[in-house]
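Trainee: Note that the protein sequences, when read in sequence, are chains P and W.
So in this note's numbering, spot 305 of the first sequence is number 305, and the numbers just go up one at a time.
So in this note's numbering, spot 246 of the second sequence is number 246, and the numbers just go up one at a time.
No wet-lab data here; the hints were simulated from the structure.
Hints are not guaranteed to be accurate.
To be verified - Straight-line C-alpha distance at most 25 Å; calculated SDA-like pairs for lysine to any residue:
| # | chain 1 | residue 1 | chain 2 | residue 2 |
| --- | --- | --- | --- | --- |
| 1 | P | K106 | W | W218 |
| 2 | W | K196 | P | E96 |
| 3 | P | K76 | W | W210 |
| 4 | W | K196 | W | S117 |
| 5 | W | K209 | W | I148 |
| 6 | W | K209 | P | P133 |
Unchecked claim - Calculated Cβ distances over 10 Å to all of chain W for the following chain P residues:
| # | residue |
| --- | --- |
| 7 | P73 |
| 8 | R180 |
| 9 | G186 |
Stated by the list, open to error - If you anchor each label on the Cβ, the simulated ranges turn out as follows:
| # | chain 1 | residue 1 | chain 2 | residue 2 | range |
| --- | --- | --- | --- | --- | --- |
| 10 | W | P103 | P | D195 | 58 to 68 Å |
| 11 | W | R291 | P | D204 | 52 to 62 Å |
| 12 | W | P45 | P | K109 | 54 to 64 Å |
| 13 | P | L176 | W | F110 | 36 to 46 Å |
| 14 | P | F15 | W | K209 | 16 to 26 Å |
| 15 | P | V275 | W | F110 | 53 to 63 Å |
| 16 | W | K209 | P | P90 | 13 to 23 Å |
| 17 | P | K179 | W | G35 | 55 to 65 Å |
| 18 | W | P45 | P | F15 | 31 to 41 Å |
| 19 | P | P108 | W | K116 | 21 to 31 Å |
Every value quoted in this text rests on a predicted model; they were computed, and no experiment measured them.
Note that the Cβ used here is the ideal one computed from N, Cα and C, for glycine as well.
Listed below are the residues making up each chain.
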Amino acid sequence: MPEVDVRLDRVTKDFGETVAVDDVSLDIPEGEFFSLLGPSGCGKTTTLRMIGGFEEPTRGTIYLKGRDVTDLPPYKRDVNTVFQSYALFPHLNVYENIAFGLRRRKVPKDEIDQRVKEVMKLVDLVGFEKRRPSQMSGGQQQRVALARALVNRPKVLLLDEPLGALDLKLRKQMQLELKRIQSEVGITFIYVTHDQEEAMTMSDRLAVMRAGKIEQIGPPEEVYENPQTEFVASFLGASNLLEGELKESANGVATVLAIGGTVVHLPAERAPFRVGTRVKVGVRPEKVHIAVDDGTEPPPGFNSVTGILRMSTYIGVSHQYKVEGPGGHTLTVWVQNLGDTPPPHPGDRVRLAWRWEHTFAVLPQEGLVLEEEE
Amino acid sequence: MATGTEERVSAAPARRGAYARHRRTVPYWLTAPAGLYLLVFLVLPMVILVYTSLQSGGLFGGLRFSWAWENYTDGILQYKTQFLRSIVISGIVTVACLLLAYPMTYWIAFYGQRWKSSILLLILVPFFVSFVIRTVQWRFMLGDNGLIFGPLKSLGLLPQGFRVLATPFAVVAGITYNYLPFTALPLYVALERIDKSLVEAAKDLYASKWQAFRRVVWPLSLPGVFAAFLLTFVPATGDYVNAAVLGGPGTRMIGNIIQETFLHSVNYPLAAALSVVLMVAMLILASIYARVLGTEDETLTAAI
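Bound conformation, chain W alone (with noise of 0.2 Å):
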């Protein structure tokens, strides 16, 4: 390709320089549409969303640019409680689903054979019905006299005062129901593209069956573990239907609070810069996640 510009070069310079120029730009036309489209519908909104922080006044008297601090500092003060509440959910969420998620889809990779897509597939027939729609049948399932402890409390098997609804595991339970799939994704394509005749290198090489999986398919597939701990973690923590279906008002979570105070108190300045921090908090957690796991050096650590 490179010699075939070349030799184009002395037979007409100036053709060539129109194609190299044109060459060089394609990438970013390329770019241009999807580039566009996160200016106008993710940064604008930043932008929009910092510069709303930092405004003072009320929905009556108008809302003006004021550098208000203050947004923020109250409102970490604040919502601290469910600051905190909703990284140790979204936390638990996480290694739960990472728990759920990583045998099932290894058993997929290394033993799904030509039945991989089809079970793959099942992990995302859920998302045909609506997120909302599946998280309230869960009301009615978990309900205390619902379909499954109605039943149980009139045998006597399970006392009356029994409930899961609106505690903390009815949550965590629903969030990791709904995240699952952000979870098995991303682990699925990092274990199916491990070689699968390295596991036969490592048992060759006097590894049992257990030590294979710790020092060769472990590693190879922790930047799936990286990649699905993100998936779910940020979003899990920003989640709020499950809280506001499945929990109570212990159970509410920063979310919840964003979502209140955009929609019912109609503070937006509050609302904004709780926002801000949520996302700032996640960006912090995430960079200090990767230092820790997503180095090339830890998958080096892990496997000797």
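Isolated chain P (complex conformation) (with noise of 0.2 Å):
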């Protein structure tokens, strides 16, 4: 078991009427990419604000390697921080800003020299020492803001939105180029983002939150596969929720009643509620087989719903389908595009069918507003 690097015990922060943060644990072990995944003013910026030391928690008490930092100013800790908008010292060229930190720490000249090269070369700038920030592209202003903070070797690494700035190509690029990073100077790196893919791809962790508190933390795959409220189910990838009440809960198995008749069952320990909840019953879009309905029934360990097809899109790798299903639910269907038998159509009459293992189920959120998804 690794060290645990950050530890937040109860945090809340309140900004006058609003809580922005709301009671918040959290164990980020040494050495891990750890995301924070939410919506914006869902608190996690703030969060990440405090443990960097510019706000100061209302309550709880936040630990850096066992020791209790909350009263701490930034420049006291151990920690160091991607802003969003870079915050380059426009004064100062990419040495000057990269050596600003081993400055103020009074580090000896020449050990200063041989740190910043050599972060310049992990960041791969190597040539740019005498450029002045406003003379560089977005993604190299990036690559300069990450070694003015790495070159310090903080403990924890605090990445606030760093790639929100940059294109979608070279936000892919750099995704990869931060793992890279990350792997090969081994630091705990917190990070901030509301793109759930982001998030995906590079964590080994993260934690979705919502209105100040964390609603999920696990692995991705984890949270993906099984999610636990209905906000992580619509914001961390698409769901088709049905809504139903849990009928029955036996032999590892529990049964569904969703509104419009369909029966639903899926692994009981995915529905650790009371019989007679009720709940949302979900499947992943890309969970779901569709074809043309010839009224055969799905094999054993399916479930399955039948429906009229409304819209089917052509996307090149995939085709995504709305089906309008028993009780008017839209439910998006997406198959790969492997080739091999012909797409329905639009007014087709087709049946879905998924796992029982891929279905889960929460309970139904109120006020939940979520964009759709493209």
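Join the two chains into one complex using the hints; note that each chain is given alone, in its own frame.
Mentor: As structure tokens, then:
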């Protein structure tokens, strides 16, 4: 078990009447790439800023390597931040930007020089020493910001939506770059983002936040495959959710009667609720098989509904279907474009089928407003 | 936009030529009103000023142009004390203004939050009352037996002979008060423009509050300090109202001399020569200052 690097113990942050972070507890082990994921205003940046020392928690304690740092100013913490807007010093060239932290710590001149050169090599910026930040592209500025933080060899690196300002292609490239750098330097990264794909590709573990609280925390696969709340199911990827009621839970199988009369089975441990509870059962769009309905029942171990195919979108790598299911629910299905079966057409009566173990159940949450995923 | 014009090329070359020619002249038309204004009211008077400064003769015999350089040599020799005094007083004033305005505007820019504009307006409020009236008010306040010193003297807290009026201190204080907004506004603009996350970044990189100021805020505010210096120092040197109202015979500044020479002695050539000397001196001082402080490299050295 690696040492815990960062621990948040029941941390709360109020801004006047609004609670930005609400009783958050968190353990991040050494060397982990940890992401805080959530929509804007969910408290992820405030959480990061508290770890960095830019905000003081209203209640609760923050530990770095077991030491209580709650009241320490940023410059006394062994933590460095890559800011969202980079916050590079415009009056200093790249070399001096990177050397800033070392100079403040009175590191000997030749050591500064050696460490700056080393880190510039790490982020692939050799030759840019004399440039001003304003003379560099967004991606290069991003690297300077990264180098400026890493050169101090912090125990933890905080990254506040560092790729937000870059275009898609550059962002993908920098994601890989960040992963490479993290594995090379081996320090803990805490990464704030609202981009679920980014969080999934990069993180060892991630925490999905909403309204100041952590909704779920775990490795990306676990959070994705088994979302614990309706919010997580809809925010992290897309989900088909059917409202219903838990009717039975026996022999390891839970049974939900969904609105429209559909019976859905799932592993009992995925629906740890009392019989009679109103739940939403869900399945990810890519887990669903679709075929023109010819009356054949799906094999055992599959849930199945029938519906009318309303819309078919050709994406190239896949087809996306919108199916009007029982009770008027719209279900989304993504099918990889294997090209071996003719795709169904809008208006066709289709049968959707998915495995029991790909089904999950969550409690309905009030007031969830989610933008439609593309 | 460029492609739009080029598409038009093939279609109607003649029209495009007219269009392009028109576009090229637009900047000139936009600057024409101001340019004309400055030509008539700045350049022309300057020419007349220099022309007058080289004239000789008197009011009764008539003035004539005679390359009278002696107006310059005489003026400088006769009034070098006042020239020097003006520069020293103005220098002290400028330093005092910067020392007063910098912390104040720093506070407004960094901690003013939603009150920023209201506080800034307060700095400008004195401008709603005439400059001369405000200065005359000071005369009442600082009078030997005036509002402040009168009671203090009758209480025996100050000796009877104590005075502020007609001392260099009164003049410096008056000019400082009157020019403070000219210092404050450019400083505020420069400080306001500084990205506050840079301060956070500095603190993140182990800079204490003071170091964050010294290494980031201060160097980035230098252009504002430079502008504030020029906007205060140059007009303060030529100021004559404060010396006239608050000063005494020993505090006369070159502005007073020029005014008297023009209006009382009616020696136009000498007054014009003195004005030109003052102007040139200011230009030289300002460019020396620009060399020393105004360059980007200086900003860099201040930061490291």
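Trainee: Taking the hints in turn, state whether each one holds.
Mentor: So, going through the hints one by one against the coordinates:
A hinted pair counts as satisfied when its Cα atoms are at most 25 Å apart, and K106 (chain P) with W218 (chain W) qualifies at roughly 20 Å. Of the supplied pair hints, the one linking K196 (chain W) and E96 (chain P) holds, its CA atoms being roughly 19 Å apart against a limit of 25 Å. A C-alpha spacing of about 14 Å is found between K76 (chain P) and W210 (chain W), which places the hinted pair at or below 25 Å, so the restraint holds. For the suggested pair K196 (chain W) and S117 (chain W), the alpha carbons sit about 18 Å apart, so the restraint of at most 25 Å is met.
Among the hinted pairs, K209 (chain W) with I148 (chain W) is inconsistent with the structure: their alpha-carbon atoms are about 39 Å apart, more than 25 Å. Our distance criterion of 25 Å between C-alpha atoms is met by K209 (chain W) and P133 (chain P), whose separation comes to about 23 Å. A Cβ of chain W approaches the Cβ of P73 (chain P) within 10 Å, the least distance being about 7 Å, so the stated non-interface status is violated. No beta-carbon of chain W is positioned within 10 Å of the beta-carbon of R180 (chain P); the least distance is around 23 Å.
Listed as outside the interface, G186 (chain P) is consistent with that label: its C-beta sits roughly 21 Å from the nearest C-beta of chain W, beyond the 10 Å cut-off. Roughly 43 Å separates the CB atoms of P103 (chain W) and D195 (chain P), a value that falls outside the hinted 58 to 68 Å. Range check, R291 (chain W) to D204 (chain P): Cβ separation about 56 Å, and the 52 to 62 Å hint holds. Between P45 (chain W) and K109 (chain P) the Cβ separation comes to about 57 Å, which falls inside the hinted range of 54 to 64 Å.
Checking the proposed 36 to 46 Å range against L176 (chain P) and F110 (chain W) shows it holds: the Cβ atoms sit about 39 Å from each other. A beta carbon spacing of about 22 Å between F15 (chain P) and K209 (chain W) agrees with the range 16 to 26 Å that was offered as a hint. The hint said 53 to 63 Å for the Cβ distance between V275 (chain P) and F110 (chain W), and at roughly 60 Å that hint holds. Range check, K209 (chain W) to P90 (chain P): Cβ separation about 20 Å, and the 13 to 23 Å hint holds.
At about 59 Å, the CB distance of K179 (chain P) to G35 (chain W) agrees with the hint of 55 to 65 Å. For P45 (chain W) paired with F15 (chain P), a C-beta distance near 58 Å fails the hint of 31 to 41 Å. Between P108 (chain P) and K116 (chain W) the CB atoms are about 43 Å apart, so this pair departs from the stated range of 21 to 31 Å.
Checked against the numbered hints given earlier, this structure breaks hints 5, 7, 10, 18 and 19; the rest are met.
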